[in-house]
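First to last, the protein sequences are chains A and B.
Numbering-wise, my numbering puts 113 at position 112 of the first sequence, and it's gapless, one number per residue.
Numbering-wise, my numbering puts 1377 at position 429 of the second sequence, and it's gapless, one number per residue.
Calculated from the structure, these hints are not laboratory results.
Hints are supplied without guarantee of correctness; some may be wrong.
Among chain B residues calculated to face chain A with C-beta under 7 Å, some are [to be verified]:
1) V1121
2) T1183
3) D1184
4) G1265
5) N1364
6) G1573
Examples of chain B residues lying across from chain A (beta carbon under 8 Å, computed) [to be verified]:
7) H1132
8) W1186
9) T1595
10) W1599
In this text the structure is predicted, and so the values were computed from the model without any measurement.
No residue lacks a Cβ here, since even glycine has one placed at the ideal position from N, Cα and C.
Each chain is listed here by its residues.
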Amino acid sequence: MAETFNLRINGAARQVVGDPDMPLLYALRGPLGLLGAKYGCGSEQCGSCSVLLDGERAFSCKITLAQAAASDILTIEGIGTEGNLHPLQSAFMEEHAFQCGYCTPGLIVTAKALLDQNPDPDDAAIATALRDNLCRCGSHGRVIAAVKRAAKELAP
Amino acid sequence: MNGNGKKLPGSLAKDARIASWVAIEADGTVTVRTGKVEIGQGIRTAVAMIAAEELDVAMARIRVVSGITGEVVDEGVTSGSGSMEQTGRALRQVTAEARAALMAKAAAHLGVDAATLEVEDGTVRSPATNSQVTYWELQGGQAFVGEATGAVAPKDPASYTLVGKRMVEIDAVAKVTGGAAFIHDLAMDGLVHGRVVRPPSQGAKLLSVDAAAARRLEGVIEVVESGSFLGIVATDEWQAIKARDALALSAQWEESARLPDEDNISAWLIDNESAAHPVIDGTPQDAPVSAIAVPEGAAKTLEASYTRPYHMHASLGPSAAVALFADGRLTVHSPSQGPYPLARALAGSLGLENDAITIIHVQGAGCYGHNGADDVSLDAALLAQAVPGRPVRLQWTRADEHLWEPYGPAMVVMTNASLDNDGKIIDWNLDLWSTTHQGRPRPTTATHSSLLADWYREPVRARPVAKPNFSNESGAHRNAWSTYDLPRQRVVSHFVAKTPLRTSSFRGLGNYANIFAIESFMDELAQAAGIDPLEFRLAHLGDERGRAVLNAAAEAIGWPPGGPGSGTGKGIAFNRYKNAKAYAAVAMEVEVNEENGEIIVKRAVVAGDAGQVVSADGLACQLEGGVIQAISWTLKERVRFGPQRVTSADWESYPILTFTEAPMVECILLNQPGLPYLGAGEGSQGPGGAALANAVFNATGVRLREIPFTPERVKRMMVAAGRGP
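Pulled out of the complex, with its shape left as it was, chain B reads as follows (with noise of 0.2 Å):
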């Protein structure tokens, strides 16, 4: 709220000052400032473009500044396609704001009506008195005074130039010719180099190593030995590299990690102990869990149920970061999602204050949720702490990634719903399973820390205790809540407090588990109830934004597909993210081979509903991206683990998809002139996993449930079901 008791839009209201988000520069140029950051996501460009439109000037004049602590506004974190509603918003009304005030000032020095006054490029021109003057003149250099106050209207989208338009990304010419775009390509004077040695397994700890034949080879400028933490520091890279493989390799450990049986994880999941907590309209409640009943009226009940494993993020280049200590002050460069909540968190476990670390985000490769991002930031502030004055530069290696990125969460979701004779939902039911999907930094204590460094070196500190999660459209329950319209939902989320694998949040949550389950099991409904499975979901759903973007889909892919079994066919699924933010649904074309089992995704298509688009290209590349990724999770991926060690350590023992397996993607944009932005980055993948399960039913007949959709599984299922050779 502000004075006037008007709510200001998205992440102004956490701080209404107008010199927080925008400056107009003496140089020509205008400062945008966020507290959200690039993650491949586009945001950089389109608050970019924000705030050009609404201020009217060129986009090259937009300079962004993002990410840095004690320099934006504290917005948290990047995360839960929350960035368009929150700064995205912010930034449209305050950028408004500004150039309100920037109108008065022009009409003030023109001496005419500030209504009469035209805006060019940051030209501000009065046709009356033929006069102009610039925003540079005005305003250059000099911080805006005072607060939003929601007062100003943003422009009109009618009047739009900029905003909805295709633009290139901000940062691309760096990324197509080889530029520094990343925080790996970071130079800095003095710049040494930094790797560490992990454990082989989960809380293993160090009984000897030969740190001193380490120190001794070329290069080495430090070798870091606490409890079971091990770190080098040298010269250059390379000798980095042969230092850590030297070190890696006489480090003997004790191993005490006991992992459950990765074939039966969702027996685990179930077996072991749990919190039961229904979920009303999206929000766990602490209360009793009633029981399944049939409702009267009910002429079929059917049940079923799905699982997922654990996935991993899987970023193509390994976690880094740059970190200085100097003069009792710490500096990190670091690729984090939330460069205040690290700042808190390092703080914490560096014995530092808050003000005495400064993190400044600088973009990784891809992260698709919380990845070793924040524990590379420890790594490299700990070597930093040994060689002050020195920036290390830490990169992880593929294998620290793979065996050390916190996982997304199996899942196992079960459904069981009755129709009554009209094909109608009656009564519906969702139980779900998993671990906690909550791991990203908190404060650092005496005891506990969620940074992994802090589980090994001294004083060794525990892993917070998981504890379910009540909030609205979070953790595991995310979109377990059906947008459908049904007379009665019961859901249950079951915590698991047990990790034995780390787990955290992987983009979407626990949307791509009950998305994959509710919309397979609305196909299983509609194939019992005898009705097209499009016409079964439209017949369930009132909502307007929803059942356009079902039926742009289904046109676009070519509906309806011809009955069950011919070998080819086509899945159609639907969400909207979070029951609050963008609409979308997933229309796949798939081949099933049914002598070795191998699905071929033809064709895909996604339709999306985010309200107003802002970069049309960023959204629509966010909505395909997220439709490749979720076929790729969907038929190829799990992480593999032993008894005691987790076996994924690259790209052969956990493959993605590969240019040869994925299809050309058709995006439509049902675009909202004047609507709410709607977050959409997590809007495509769970329709992406369930349309091409829908899709292998409907070219098969064989219903799977059990994600990898791998053609060992495809082909087992096929024989039990009578099919195939």
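So that you can see chain A by itself, here it is in the shape it has in the complex (with noise of 0.2 Å):
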């Protein structure tokens, strides 16, 4: 049966009604009309899905509203905006690390929790901080090269 669910999104209270089973990624790509998380494989297996809870990365694919309902939950949305660029954001671009972009936003929520912890990693922490998310067109090396720019634009 549906129930009501008060989620913290972004920093915004925001009410859903659904299943308590119900995936958090399809409250967010439905009722809340965030499309940045994909649906990638249903299975924790991509991250293409990815977002944070509590600042650790969650698949949405799996975690469920009633689950994600007791934590903060960040999306690529609250990361930054077009006229207001995270610097992972503008990074990417920078670096043109994507070819067709599903992976993207999934991959710079992924970086965020990494940058966040560990401000400084090496190309070795950065894969294996990405290792769990799936790119497809063969754009890893700039990802990467991305991720370092974004830590360098973010060093106090």
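From the two separate chains plus the hints, produce the assembled complex.
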């Protein structure tokens, strides 16, 4: 049965009515109108649906509404906007770190969690942080370069 | 040809009307129309750069309209690395002609000689009279009249300010901010959600299903059941998913598929009935095949057999489409690579006239060839037909895509060559075996269809019978004809008509297997001749542009490598895509773990010559991404299947290269200002696979001829060669 959930998304309170077992992804892409998180596999294997829950990367295709309601949710839309890009977003553009771009929001969200915890990661640390995100176009090297560029930009 | 008998470049020959390609709008923008579509290869950005350059307007003014039937020129399918050659060359010429027309108008308006005018961002100035007029004042909102003639010379490349530079993709902001960038993100009033239930295996028949129970579920609007085709439409997406799962669970099927033994697919290809056709200069002939004959003067004769398994495109976003039936018309927003061919197929499938169908291309996730994009469009149309007036958004599940997309065909390539005493190749033979690479949409008939749902729903239509492909550099024989200077080539394509697994166009078609074989074999011959592999290639390659990419890649990787067997090694490989498009050489450095057989690619270099560079980053991304994808295919990928069912249903059963496995790729672009654009999107996978095999040989002395190079296989080969634990 549908229930009402009070979510905290990108710093704002949002209310959603839905099944407690509905994955957060469908609330984001449906009633909440947040299209950045993508359906890729529905089984935590590709990372296209990544969001942050209390600063940790979570797969929104699996996390249920009931589970998500307890946490602060950050999506790609809360990281930066067209007029106010986050350094990760501008670095992805500058490094041309995508081709089709389907995996891009998930990668930026995951990289945000990394940089929040480790502001100066080396290539291996970045690759390890992104190992559960898939990219089929083969932009891996450019993604790593983009995350490094953003880390430099963010350095105090 | 145009009226003057001059051949117009690219697709301009199909439609020479300037208005078909470019328009100056009243609001100060410029509309550029192309029949090619964006599939992540950056074509929209590249054509915008070409138009902005030739017209002398800012990039920000360009609006690209692509892949909408009825609004753009029918440029067929966006495939075969043809976009820059077909639409790019057309747009360069037609925008140059549009500029000339604008200059003539401006000259008349300002009362000066057109040759004295200067243009900056669409404002035309006469320095002599200190007067000016803009494109928008001259032409805003009025269509260009007349056709391109080919008489206007495009800009001198020496004066380019934009073409050849790095440019951020025109759709980049939406992609990095989570905006609506994809077909999956399309919003429409009244949008409802669809899902389909596919059978457990090919050809399975639906015995029973509890459609009534699914209909009673919350939010369900319609259940579509026709023959063995099942679909559902619901108000929201989660309801559609739950209803689909319930429907799937209640469905009983009769399975009949009989698949070959996956581990012996090479023997299956060779042993099955096949039609052999000699290939001459890239074109198969309907003629007898000659036998291999070792020539006089042969000091050494080598032969080898190389195989690739079935591969999947494995788009990261499963295929999706949005369809609307209203007032007897069908509109499908689709990620198809061929909007016009899809419209013609749908017309036959649905009993509609061609002009009652509009296909609007919206970007999907990268497709790398013929994936589920066309099939999902028919699925969505069938569901939309059941709920007229409501747009239906249908997204395939991950398993739908993995199990039902058309695969890249397994292939066997056998080579045989003889060397003389000087280490020169004096005889060359290549025999290839493959099922069809041609499964793209054709017009649906009363009995046959190329679209998946038509094989299951009533009236059931059959898959078109696969036929040998006699086109130049197409299908399985793409790049089977060697680019090297060889005194004699005997190339034979063995076409296997049976398709136990549905196969179609997969990035590069036969190029990947053929170049893997040719470039591995070149290394084997070099080894036999006792000559450095790079030197051996150069001794058989007169084409200066080919030599240049090889030398550039070799220099960047640090050539020559050490002798074989140190555990780390370097390899190199080369091709000219389709023997007519971009040149690419790939060099790699690998480390092989002799304990567990794991191959680590430490570094890769790709050197490419695609003629005049337009969008430097876009081109580099295609070449680099091709190398990474080839490493993934070659190290990890094969479609798994049992006697009846495909079992690669997700990323665990079909793993691809991850961030911790992908090397950094260095890209070297050899720009050729003023020379024609050459297609490059499929240029680096063939040499990518071969460079990897060659590097492994250099590292271990073990020659890998069977893709993928899984740790188990590598270990087995090492043990057989007396190496490793």
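Results for each hint:
no., hint, result
1, V1121, "holds, 5 Å"
2, T1183, "violated, 10 Å"
3, D1184, "holds, 6 Å"
4, G1265, "holds, 4 Å"
5, N1364, "violated, 34 Å"
6, G1573, "holds, 3 Å"
7, H1132, "holds, 7 Å"
8, W1186, "holds, 4 Å"
9, T1595, "violated, 15 Å"
10, W1599, "holds, 4 Å"
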